[in-house]
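Visitor: What follows is each chain in one-letter form.
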Amino acid sequence: MLGVFSAMEVSASGLSAERTRMNTIASNLANSHTTRTARGGPYKRIDPVFEAALLDRTHAGSQASGAVSLVRVSKIVEDSRPGQLVYEPGHPDANPAGYVEYPNVNVVEEMVNMLTASRAYEAGVTSIESVKGMAKSAIDIGR
Amino acid sequence: MARGVLLMRPVDLFSGVAPLHAALDYHLERHNVLSSNIAHVDTPGYRPKDLARVEEGSFDRVLGVTIERTSAAHLAGGEAGTPEVGRAFTDATAGGGADGNYVSLEREAGKLATNQIRYDIVSVLVSSELRGLLWAANDGKAG
Numbered sequence: 000m001l002g003v004f005s006a007m008e009v010s011a012s013g014l015s016a017e018r019t020r021m022n023t024i025a026s027n028l029a030n031s032h033t034t035r036t037a038r039g040g041p042y043k044r045i046d047p048v049f050e051a052a053l054l055d056r057t058h059a060g061s062q063a064s065g066a067v068s069l070v071r072v073s074k075i076v077e078d079s080r081p082g083q084l085v086y087e088p089g090h091p092d093a094n095p096a097g098y099v100e101y102p103n104v105n106v107v108e109e110m111v112n113m114l115t116a117s118r119a120y121e122a123g124v125t126s127i128e129s130v131k132g133m134a135k136s137a138i139d140i141g142r
Numbered sequence: 000m001a002r003g004v005l006l007m008r009p010v011d012l013f014s015g016v017a018p019l020h021a022a023l024d025y026h027l028e029r030h031n032v033l034s035s036n037i038a039h040v041d042t043p044g045y046r047p048k049d050l051a052r053v054e055e056g057s058f059d060r061v062l063g064v065t066i067e068r069t070s071a072a073h074l075a076g077g078e079a080g081t082p083e084v085g086r087a088f089t090d091a092t093a094g095g096g097a098d099g100n101y102v103s104l105e106r107e108a109g110k111l112a113t114n115q116i117r118y119d120i121v122s123v124l125v126s127s128e129l130r131g132l133l134w135a136a137n138d139g140k141a142g
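Top line first, the protein sequences correspond to chains X and W.
The opening position of the first sequence corresponds to residue 0 in numbering that gives the first Met the number 0, with each subsequent residue numbered one higher.
The opening position of the second sequence corresponds to residue 0 in numbering that gives the first Met the number 0, with each subsequent residue numbered one higher.
The set of hints was computed from the structure by calculation and includes no laboratory data.
Each residue gets a CB set at the ideal place from its N, CA and C atoms; glycine is no exception.
Treat the hints with caution; some may be incorrect.
Sample of chain X residues at the chain W side, in silico, Cβ under 8 Å [claimed, not checked]:
| # | residue |
| --- | --- |
| 1 | Pro81 |
| 2 | Leu114 |
| 3 | Gly132 |
Listed below are the simulated BS3-like cross-link pairs for lysine-lysine, each with C-alpha atoms no more than 30 Å apart in a straight line [what the hints assert, rightly or not]:
| # | chain 1 | residue 1 | chain 2 | residue 2 |
| --- | --- | --- | --- | --- |
| 4 | X | Lys43 | X | Lys74 |
| 5 | W | Lys140 | X | Lys74 |
| 6 | W | Lys140 | X | Lys131 |
| 7 | W | Lys140 | X | Lys43 |
Stretch by stretch, here's where chain X covers chain W in the computed footprint (C-beta under 8 Å, at least three residues) [as the list claims (entries may be wrong)]:
| # | region |
| --- | --- |
| 8 | 15–22 |
| 9 | 40–47 |
Throw the hints in and build the complete structure from the sequences for me.
Guide: Shown next, in the form of structure tokens:
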């Protein structure tokens with residue numbers, strides 16, 4: 000039997016996944032002009048990959064428990080698209096031809112992703128609020 | 000002339016509450032499933048699930064027995080002791096995106112809100128059922 004707290008747990012896993020996405024977006028935006036990284040070359044934008052993970056509980060006799068799954072960030076992948084080449088011969092990271100490769104971060108794209116993540120987060124918060132409302136009306140039974 | 004004795008059959012006082020209890024269980028369980036769908040709004044390849052109400056009178060449950068399996072290849076009958084509140088199914092009718100995710104946030108949020116209202120209604124019904132019992136227990140004076 001799945002209860003109020005498992006619903007909150009599932010929603011919370013969605014919230015933390017969206018927060019991870021928010022962090023990668025922040026990282027991408029902050030590094031949109033970083034031309035030097037620890038492993039050489041310009042910064043490459045990163046993306047989280049979400050996957051469905053089984054709810055780590057045994058709910059004997061419950062059909063629904065198989066349908067409920069947590070959200071987990073399975074990995075963070077690097078975007079392999081090439082960055083923009085800008086002619087800046089005076090730049091210390093310029094190649095012999097005088098071009099500097101900037102990160103493949105598109106600020107508009109990141110902004111759109113940020114809005115999506117933020118809305119998904121709000122949806123998760125709403126579903127937690129809704130579960131709380133249900134728990135409250137259950138407590139009010141017999142009052 | 001002997002007067003007949005009117006024998007009252009024993010009545011379970013809470014027989015009116017039991018089906019409502021099952022309805023509360025079902026809606027809470029369904030809330031878990033719908034919360035999981037909303038949490039997976041960004042998970043690639045995720046197909047939203049839903050929970051269908053199981054018909055009350057499946058054959059073995061009406062009899063209160065467990066169907067015996069004479070071969071391992073037979074489908075398992077319902078366990079007599081474990082009530083099943085619903086049957087999970089995949090509800091991927093809303094058009095999927097390029098990442099194979101079929102979750103429509105509006106649809107799921109609508110289902111979630113509907114489910115909450117239904118839960119609240121059932122809990123109000125339970126309250127009034129119990130208030131009726133209280134009224135009867137107090138000789139119709141208070142409650």
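Visitor: If you check each hint against the structure, which ones fail?
Guide: Hints 1, 2, 5, 6, 7, 8 are the ones this structure does not satisfy, whereas the remaining hints hold.
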